[in-house]
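Peer 1: Each chain is listed here by its residues.
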Amino acid sequence: MNRRNFVTAFLGGVAIPFLLPLLGRLQNKSWIQRFLRPPGALPEKEFVDACIGCGQCANVCPNKCITLHGLEDGLENFATPRISARARGCILCMACTQVCPTGALKKLEPTKEGMRAVAMGKAVVTEDLCYSFAGRTCGVCYRACPLPGEAITLGLYEQPHVHEEFCVGCGLCEQACVHMPQAIRITPARELVANLEEPRASRP
Amino acid sequence: MRFFPRPTGRRLLVLSVVSRTLVLAMLVLFAMWTEYANLKLGYNHPRLVELAHGPAMRMFYEASDQWLSLFGEPEEVVRLNAGMTWSVRVMGVPFTDPVAALSLLVKDHQWPLGFALGLIVPLGLALVFGRLFCSYICPASLLFFAITRVRRMLSGYLYFPRIPSPRGMAWGVLVGGLAMAVLYGHGVWALILPYFATGQTLFHAVAFGTLSAAAVSLVVFGLVDLFLGDSYTCRTLCPTGRILGALGGRALISVRRDAAACKEGCNSCEIICHFEVSPRLDETRDCSLCGECLVVCPTQCLSIGRKV
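Chains as they are written, first to last, in my numbering: chain A, 1 to 204; chain B, 205 to 512.
None of these hints come from the bench; they were simulated from the model. Among these hints, one or two may not hold up.
Within a straight-line C-alpha distance of at most 25 Å, the following computed DSS-like cross-link-like pairs (lysine-lysine) qualify [said to hold, decoys possible]:
| hint | chain 1 | residue 1 | chain 2 | residue 2 |
| --- | --- | --- | --- | --- |
| 1 | A | Lys106 | A | Lys45 |
| 2 | B | Lys311 | A | Lys106 |
| 3 | B | Lys311 | A | Lys107 |
| 4 | A | Lys64 | B | Lys244 |
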């Protein structure tokens, strides 16, 4: 009888955390899920496995570009860090990579080599929106880029050309773009991988 | 020779409230000091801080400057003291939550070195003092302590049931939580563990000025405590408490009974105990050294000390 009580209580206890998805429903899922992970983040799946959601990276960020997920992107992202490039790009100071206790963010130094090791995403220019491609010289994104001449080079009328092999996806160009909506966007590394596995049929 | 005053029940209760308040203050201060370090990096001058963030921030900036300078280079001090209940560094010493460690082991199959070293102090404390964490460190239990007082105050007017905790439920919550952590992410613990929820709520409020979803579960825990029993969350639902209780089953320091002085037929210590410990029967598996039983014992036969 005592053992039966124990097992019943144990099973009841197991059931309690399974109520959490209901809590996750409290907030509507946002339909824009284009966010970046902090620099030095492991590939998305490994990152989610390793991040315990302590929030130290967001606290230590001097640029205040890292924020923590609430429930708006689902329970699976709860308490993990995010960067919205349009709101504020990452300045690649690498402070967050130094404090991560579990190694979800690899330790990087704020040097050129450290910068080149970052893979947060890739910038993509929408030429139809870009002022420079419409013949109005702009070049703001080039001037915001931490790796100018490598990640972005300029053409006629300061038209930006992104070189994917060098772009680290910090998002400073997206933050700086003077066009509304932005003509240059970061495709997060998490989505780049997802697209490789499962290409979307109707991708513009 | 005694270096400390004798641990009477009242002194222990006061000490437990003071130490938990200090932990709470520490959580807030650690988050704010890191913000201070960011201000230092960004502006490095009180006047500029005032221009950008207002006079209150300037006061905070100058106060932190002076206070942290006492201990060394301010940036260095902040770097060594940071984090919250889930993973924290105090004076450069890492502390890791045992549940975080389990969760990481189950999901990621590995422990980074610094993270594993952080387990030594919490587990060592549990082996020596049992559930000391639950009454002296856990910031959420301050809320439950207050709720216990409210229940006692209102018990003359309202009926509050005291439901005995079903044994094994906390182990179930641990297993269910691990399952959810594997299915979703380690973030779910912020909604399951009371102290993580407290830390998360405070941390979000201080560092970002937002209300975390963890506040919802904190409210739920408070209601559970209010209507089901004293510290019901701690003894029935909290997996960390259960782990510490199991580790501290043979704790060195615990509540001790002077059998000669103990009165036959009295069970006031059993009734008052939140953790369902019975000092009367010398059964002290979940004792958290809170001192409640020392206060109510009519013959003063209980004390805290080395178990015999």
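Peer 1: If a hint holds in the structure, say so; if it does not, say that too.
Peer 2: So, going through the hints one by one against the coordinates:
Under the criterion of a C-alpha separation no larger than 25 Å, the hint pairing Lys106 (chain A) with Lys45 (chain A) is consistent with the structure, at around 14 Å. For the proposed pair Lys311 (chain B) and Lys106 (chain A), the alpha carbon gap of about 18 Å is at most 25 Å, so the pair holds. For the hint linking Lys311 (chain B) to Lys107 (chain A), the alpha-carbon distance of about 21 Å falls within 25 Å, and the restraint holds. Of the supplied pair hints, the one linking Lys64 (chain A) and Lys244 (chain B) holds, its CA atoms being roughly 14 Å apart against a limit of 25 Å.
Of the numbered hints given earlier, the model fails none.
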